[in-house]
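Based on the sequences and whatever the hints tell you, model everything.
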Amino acid sequence: MFGFKQLRGLFSTDLSIDLGTANTLVYVRGQGIVLNEPSVVSIRQDRGPGGPRSVAAVGAEAKRMLGRTPGNIMTVRPLKDGVIADFTMTEAMLQHFIRKVHPNRLFRPSPRVLVCVPCGSTQVERRAIRDSAEAAGARDVFLIEEPMAAAIGAGIPIHEARGAMVIDIGGGTSEVAVISLNGIVYSNSARIGGDKFDESIINYVRRNHGTLIGEATAERIKIEVGCAYPSSEVRELEVSGRNLAEGVPRNITINSNEMLEALHEPLSGICSAVKIALEQTPPELCSDVAERGIVLTGGGALLRDIDKLISEVTGLHVHIADDPLTCVARGGGRALELIDEHGPDLFAND
Amino acid sequence: MSHAAHSDIALDLAELGQRLRRARNTAGLTPEEVAQRLHLPLATVGDLEAGRSERIGTPIYLKGFLKSYLKLLELPEDWAEQALAATSVVQTPPIMPAAGAVARRVSWMERYKWAATYVVGTALVLTGVQWLVSNTPQLGFPESPRPAASVAVPVPPAAQLQVAPLVAPAPEAPATSSVAVDEATADEAPVMASLSPFRLPADADAEPGGLLELEFEQASWVEVRDRNGERLAFQTVPAGEKRTFSVGAPFSVLIGNARGVRAVAQGKRFDLEPYVRGNVARFVIATEGQGWAPSAVEREGRNGG
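Each protein sequence line maps, in turn, to chains A and B. Counting from 17, one number per residue, gives the positions in the first sequence under our numbering. Counting from 439, one number per residue, gives the positions in the second sequence under our numbering.
Be careful, since some hints might not be right.
[Unchecked claim] The calculated SDA-like cross-link candidates involving lysine to any residue, where the alpha carbons are at most 20 Å apart (straight line), are:
1) B:K505 <-> A:E307
2) A:K324 <-> B:R475
3) B:K680 <-> B:G667
4) B:K706 <-> B:E655
5) A:K324 <-> B:L511
6) A:K324 <-> B:P514
7) A:K324 <-> A:E274
8) B:K680 <-> B:Q656
9) A:K324 <-> B:E512
10) B:K505 <-> A:I336
11) B:K505 <-> B:R462
12) B:K509 <-> B:Y550
13) B:K509 <-> A:L332
14) B:K551 <-> A:E274
15) B:K505 <-> A:S247
16) A:K324 <-> B:P479
17) A:K324 <-> B:A473
18) A:K324 <-> B:K509
19) B:K505 <-> A:D339
20) A:K291 <-> B:L476
21) B:K706 <-> B:A724
22) A:K324 <-> B:E471
23) A:K324 <-> B:L476
24) B:K505 <-> A:A306
25) B:K509 <-> A:D339
26) B:K680 <-> B:R663
27) B:K509 <-> A:Y245
28) B:K505 <-> A:D338
29) A:K291 <-> B:K551
30) B:K505 <-> A:G331
31) A:K324 <-> B:L513
[What the hints assert, rightly or not] Pairwise CB distance ranges (calculated):
32) B:G484 <-> A:E240: 37 to 43 Å
33) A:R143 <-> B:L562: 39 to 45 Å
34) A:G48 <-> B:R493: 28 to 34 Å
35) B:A561 <-> A:D62: 55 to 61 Å
36) B:E471 <-> A:I292: 26 to 32 Å
37) A:H280 <-> B:R460: 37 to 43 Å
38) B:V563 <-> A:A101: 53 to 59 Å
FYI, nobody ran anything at the bench for these hints, they're computed from the structure. Yeah, the Cβ is synthetic: ideal placement off N, Cα and C, and Gly gets one too.
Here it is, written out as structure tokens:
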């Protein structure tokens with residue numbers, strides 16, 4: 017009954033991992049969020065194609081290499097649309113992160129791990145995440161749906177018999193869910209997120225300025241001047257990119273009104289997902305949502321005036337959670353603390 | 439806006455509500471207009487201005503509403519956080535248990551309940567079996583061939599040897615009641631076991647014919663088994679000694695160094711030579727009429743291997 021696994025468990029603390037497309041956050045039980053790094057892995061391939069491959073860098077260090085690597089180093093983002101696109105890389109990344117938060121070198125860490133999964137992910141995708149975490153050294157793997165973790169992290173009283181709507185706009189996916197009595201009543205996942213915003217900005221700049229910019233620059237534009245709803249204040253940012261016609265670097269100035277136009281398409285995708293969710297929600301819960309409003313979490317909630325946009329589209333009040341980037345990881349951490357006391361009510365099935 | 443004027447009063451929800459109401463009146467807005475602009479129910483606007491938090495409850499919603507209202511009236515948004523910090527009415531909500539539902543507690547014991555029950559149950563059963571085995575001498579052989587044999591031997595009452603107490607009650611026992619036979623034979627068992635040194639039973643004095651006497655001229659070993667194959671004697675006897683066995687026929691005798699032993703059955707000497715193979719004599723003594731008749735043992739069964 018008290019086997020070797022449990023014995024090893026004594027030397028590892030439980031982890032909650034928000035395995036996001038853009039960032040991976042690790043919450044350690046009793047310590048809070050200890051790691052927040054981009055989900056990027058750099059692989060070095062020595063002695064040409066087919067040669068031995070080794071991990072060159074993981075996380076922030078690897079992200080700095082993104083788009084700037086020589087031929088023998090390949091930088092990949094192992095997750096796409098919230099799910100695993102490259103199993104081996106994800107495993108290597110998780111292993112690195114688990115080791116990083118477990119400084120105990122005497123024993124190989126074997127923590128219990130809770131991983132957040134998009135509610136729209138398929139069984140195969142969930143199994144891939146579970147296997148990947150197990151291969152990275154996890155003793156037990158629990159899966160929790162992202163909106164549920166986000167709601168817990170935002171401080172929504174999910175145990176009440178009252179509907180609460182949460183929108184989690186992550187790097188790869190946007191999740192809309194109505195939660196009541198510790199369970200998800202309705203959930204909808206759109207594969208639109210921060211990455212899609214960046215992509216739209218790259219396309220917009222190429223189309224309207226004839227200039228090619230990279231992902232990192234697009235992300236900077238989004239953070240600095242990106243906005244979702246027209247406002248009286250217009251911000252500007254000067255960036256440089258390669259002019260497509262001349263083939264040489266040129267500086268261009270982007271303003272927030274242009275961003276409004278650039279982000280129109282992905283944002284309308286999110287809005288329609290929210291509207292569909294409201295249409296599908298049972299009327300009792302819908303009235304609860306109307307009374308209390310919608311809670312916005314995830315990195316996408318940091319986009320300027322996105323709450324105003326959703327509020328205008330739905331006619332409901334929209335709250336932005338405190339520290340929306342870490343909501344999912346914090347919520348996962350709180351759920352993890354309840355594993356021993358309560359059943360797997362909160363967790364997702366395979 | 440005269441924000442500085444408010445700063446000396448402690449900011450709690452009631453105070454914040456009053457400030458909101460004053461600011462709204464200054465801005466010339468009605469509660470309905472505020473509700474419409476903030477997409478809020480009118481009752482919630484009333485609650486916010488009155489500083490009531492019971493109906494809204496959770497901090498995340500309360501803070502969101504207050505911040506939006508403050509933003510609308512162009513007041514500093516951090517007032518909301520100050521007011522919430524000063525008012526400890528609302529706390530972080532518990533996640534579980536679900537309202538009105540029974541919380542599912544999966545404790546360690548509950549999780550392993552079945553495994554624990556199985557282990558304890560198996561341990562109990564094994565202990566019971568162990569106790570039974572150690573306290574019951576012949577548990578493994580409840581259907582001992584002894585009663586069957588004692589019933590099956592066709593000994594007419596007239597031909598009773600009357601030498602061995604073992605067989606004496608056998609014919610009297612009803613053949614159909616194996617229980618009675620069992621009891622009878624079980625009662626006799628200690629008598630069979632106490633053979634060396636042999637004490638003549640009182641009734642055996644009258645008829646010494648039931649005795650097997652062995653005179654050992656040389657050191658030898660002897661084994662005597664009764665009809666059930668139970669060993670009555672198995673010992674090494676030094677030269678010059680004499681052993682007497684009182685047994686009910688048929689029984690088997692095995693004598694090592696047979697040439698140094700002389701046998702007397704029912705008072706009659708008989709030659710061991712026909713039964714000697716190697717230096718070991720094997721023979722069976724069976725009843726024949728009123729006497730004993732030794733015969734060679736077939737090399738099968740126990741010694742056959």
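Against the structure, the hints come out as follows:
As the CA atoms of K505 of chain B and E307 of chain A are separated by approximately 16 Å, the hinted pair is consistent with the 20 Å bound. For the hint linking K324 of chain A to R475 of chain B, the alpha-carbon distance of about 11 Å falls within 20 Å, and the restraint holds. Distance restraint check for K680 of chain B and G667 of chain B: the Cα-Cα separation of roughly 23 Å exceeds the 20 Å cut-off, and the hinted pair is therefore not satisfied. Note on K706 of chain B and E655 of chain B: the hinted pairing holds, with a Cα-Cα distance of about 18 Å set against a maximum of 20 Å.
A distance of roughly 16 Å separates the Cα atoms of K324 of chain A and L511 of chain B; the hinted pair therefore holds under the 20 Å criterion. Straight-line distance between C-alpha atoms of K324 of chain A and P514 of chain B comes to about 18 Å, which keeps the hinted pair within the 20 Å bound. Of the pairs offered as hints, the one joining K324 of chain A and E274 of chain A holds, with about 18 Å between alpha carbons and a cut-off of 20 Å not exceeded. Between the alpha carbons of K680 of chain B and Q656 of chain B the distance comes to roughly 11 Å, so the proposed pair stays at or under 20 Å and holds.
With a C-alpha separation of about 16 Å, the suggested pairing of K324 of chain A with E512 of chain B holds against the 20 Å cut-off. For the suggested pair K505 of chain B and I336 of chain A, the alpha carbons sit about 10 Å apart, so the restraint of at most 20 Å is met. For the hint pairing K505 of chain B with R462 of chain B, the CA-to-CA distance comes to about 14 Å; that is within 20 Å, so the pair holds. The straight-line distance between the Cα atoms of K509 of chain B and Y550 of chain B is roughly 55 Å, outside the 20 Å bound, and the hint therefore fails.
Restraint check for K509 of chain B and L332 of chain A: the C-alpha separation of about 16 Å stays at or below 20 Å, so the hint holds. A C-alpha spacing of about 64 Å is found between K551 of chain B and E274 of chain A, which places the hinted pair above 20 Å, so the restraint is violated. Annotation: proposed proximity of K505 of chain B to S247 of chain A holds, straight-line Cα distance about 18 Å (limit 20 Å). Under the criterion of a C-alpha separation no larger than 20 Å, the hint pairing K324 of chain A with P479 of chain B is consistent with the structure, at around 17 Å.
Between K324 of chain A and A473 of chain B the CA atoms are separated by roughly 15 Å; this keeps the pair inside 20 Å, and the hint holds. For the proposed pair K324 of chain A and K509 of chain B, the alpha carbon gap of about 12 Å is at most 20 Å, so the pair holds. Using a Cα cut-off of 20 Å, the hinted pair K505 of chain B and D339 of chain A holds, with the two alpha carbons roughly 15 Å apart. Pair hint K291 of chain A plus L476 of chain B holds up; C-alpha atoms about 18 Å apart against a cutoff of 20 Å.
Taken as a hint, the K706 of chain B and A724 of chain B pair is honoured in the structure, with Cα atoms around 15 Å apart against an allowance of 20 Å. Only pairs whose Cα atoms come within 20 Å are accepted, and K324 of chain A paired with E471 of chain B is accepted, the gap being roughly 17 Å. The straight-line distance between the Cα atoms of K324 of chain A and L476 of chain B is roughly 10 Å, inside the 20 Å bound, and the hint therefore holds. Restraint check: the Cα-Cα separation between K505 of chain B and A306 of chain A comes to about 18 Å, which is no more than 20 Å; the hinted pair holds.
Between K509 of chain B and D339 of chain A, the direct Cα distance comes to roughly 19 Å. Compliance with the 20 Å bound is thereby established for this hinted pair. In summary, the hint linking K680 of chain B to R663 of chain B is supported, as the alpha carbons are separated by about 18 Å, within the 20 Å threshold. Taken as a hint, the K509 of chain B and Y245 of chain A pair is honoured in the structure, with Cα atoms around 16 Å apart against an allowance of 20 Å. For the given pair, K505 of chain B sits about 12 Å from D338 of chain A by alpha-carbon distance, which is consistent with the 20 Å threshold.
Only pairs whose Cα atoms come within 20 Å are accepted, and K291 of chain A paired with K551 of chain B is rejected, the gap being roughly 47 Å. A threshold of 20 Å between alpha carbons decides the hint, and for K505 of chain B with G331 of chain A the separation of about 18 Å falls inside it, so the pair holds. For the suggested pair K324 of chain A and L513 of chain B, the alpha carbons sit about 18 Å apart, so the restraint of at most 20 Å is met. Against the hinted window of 37 to 43 Å, the Cβ-Cβ separation of G484 of chain B and E240 of chain A comes to about 40 Å, which satisfies the hint.
The hinted range of 39 to 45 Å is satisfied by R143 of chain A and L562 of chain B, whose Cβ atoms lie roughly 41 Å apart. A hinted range of 28 to 34 Å for the beta carbons of G48 of chain A and R493 of chain B is consistent with their spacing of about 32 Å. Between A561 of chain B and D62 of chain A the beta carbons are some 59 Å apart, a value that agrees with the proposed interval 55 to 61 Å. Against the hinted window of 26 to 32 Å, the Cβ-Cβ separation of E471 of chain B and I292 of chain A comes to about 30 Å, which satisfies the hint.
Against the hinted window of 37 to 43 Å, the Cβ-Cβ separation of H280 of chain A and R460 of chain B comes to about 40 Å, which satisfies the hint. The hinted range of 53 to 59 Å is satisfied by V563 of chain B and A101 of chain A, whose Cβ atoms lie roughly 55 Å apart.
Of the hints listed earlier, those the structure fails to meet are numbers 3, 12, 14, 29, in rising order.
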